Amino acid sequence: MERPTRKIALVGIVLLVVGLIAWIVQLTGGLLAGSNMTNVFLWGLMIAVFAFLVGFGAGSQFVASAIILSGKEELKPLARIAGACGLACVCAAGVAILADLGAIRNALAMIVGMNPRSPLAWDMIAMCTFIVLSIVQLVMIARDARSVKVWAVLAGLAALALQIVEGLLFSTQTAHGWWATPIMPVDFLAVAFVSGFALILLIACVKGASSKALAWLGRICASAIAVHLVLALIDLCLMLFEGTPESAGILAAVGSNILLYLVELILPFIAMIMLFLPKNRGQKKPALIASILVIVGIFAHRLMLLFPAYNAPSLYLQLSGTDFTTGPYPISTGRYLDWDLTFANTTPYFPAGPEWLAMLFPIGLALVAAVVILFIMKKLQKDKS
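Residue numbering for the sequence shown follows the working numbering, beginning at 1 and increasing consecutively.
In silico lysine to aspartate or glutamate, EDC-like type, Cα no more than 16 Å apart, as pairs:
{"id": "1", "residue 1": "Lys378", "residue 2": "Asp144"}
{"id": "2", "residue 1": "Lys76", "residue 2": "Asp144"}
{"id": "3", "residue 1": "Lys72", "residue 2": "Asp144"}
{"id": "4", "residue 1": "Lys149", "residue 2": "Glu73"}
{"id": "5", "residue 1": "Lys207", "residue 2": "Glu74"}
{"id": "6", "residue 1": "Lys379", "residue 2": "Asp144"}
{"id": "7", "residue 1": "Lys212", "residue 2": "Glu73"}
{"id": "8", "residue 1": "Lys212", "residue 2": "Glu74"}
Now the in silico label distances, taken between C-beta atoms and shown as ranges:
{"id": "9", "residue 1": "Leu157", "residue 2": "Phe343", "range": "38 to 48 Å"}
{"id": "10", "residue 1": "Ser332", "residue 2": "Val230", "range": "31 to 41 Å"}
{"id": "11", "residue 1": "Ser70", "residue 2": "Val139", "range": "16 to 26 Å"}
{"id": "12", "residue 1": "Leu236", "residue 2": "Ile270", "range": "13 to 23 Å"}
Please keep in mind that the hints were generated in silico from the structure rather than gathered at the bench.
All values reported here derive from a predicted model rather than from experimental measurement.
Yeah, the Cβ is synthetic: ideal placement off N, Cα and C, and Gly gets one too.
All chains should be modelled from the sequences, with the hints used to inform the complete structure.
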């Protein structure tokens with residue numbers, strides 16, 4: 001194992017162990033006790049990390065499929081890395097969501113008592129299908145099999161389906177106007193392309209890939225950023241012109257998190273400009289900076305999935321037979337020690353210390369898994385030769 005790879009594995013192990021300890025503390029103490037979540041704000045940091053990792057996993061697979069199908073020899077080494085990152089990120093995302101199931105045993109209940117009407121059931125099916133096809137594809141890559149293009153297409157289609165299902169998981173939650181939009185599944189696809197190409201662009205810079213490879217990755221990443229930003233702004237404009245109490249509440253929630261929202265939009269925009277500039281095309285330093293800006297911006301985007309959705313009231317009182325709205329309907333927070341906090345329209349949320357530490361578990365797992373997968377692929381390649 002090369003020295004840089006060993007360093008990545010070591011960092012991943014440290015993050016995994018620290019995160020695992022915090023994650024176990026969360027599971028034993030309960031999510032409400034070990035976090036700042038309430039019944040009002042009931043999806044927290046780990047859900048954002050879940051969406052973050054799934055996007056990078058599917059996006060990395062898009063990169064792998066594109067490289068394999070294009071037949072570009074100078075990009076071939078990156079296909080192996082992209083495929084490994086795709087599998088590692090999706091597996092880590094599956095771990096990230098387990099804490100929100102309430103207990104590990106509930107994962108078995110999802111299999112034994114699957115409800116086909118639940119978006120979560122289809123999400124699990126999509127993830128499992130992707131994992132199986134990704135594993136087969138990686139074996140075919142390692143053995144340089146003739147059928148590798150077929151498996152690259154199948155794994156790419158599985159990644160496509162996974163992102164559509166993820167988008168529908170949010171957009172079908174009609175109680176939250178920030179999510180309930182047909183743009184959401186399309187934007188999830190765009191964000192996956194942005195994430196995957198940014199990640200592989202970063203890796204290509206570190207590994208000293210050719211300027212042609214950097215230019216190709218950067219061009220597609222910048223194009224995907226443009227699509228994502230257009231979709232995000234269209235969604236915001238629709239909210240501005242809706243003119244309902246619900247949309248006003250959502251816009252107020254966006255305003256209260258304006259700094260995070262600007263990070264989500266401005267950092268990828270700067271990266272897009274850097275990657276589109278002719279003088280930066282194929283250049284290592286601009287590509288490296290742009291990829292880092294994109295990754296930070298996408299993490300902010302995943303956090304902003306949650307804040308406007310849960311910081312905006314989801315139910316408003318309306319006088320019978322009229323269009324007059326008297327105000328939002330308060331709901332239980334799940335906290336009863338302080339009467340003032342028992343009911344609320346919204347509750348402020350900032351991840352607690354254990355949440356930030358627990359977040360390191362799936363991220364560390366993704367790093368370690370990617371290194372292990374690449375090591376196994378190398379062994380398979382040697383065995384074949």
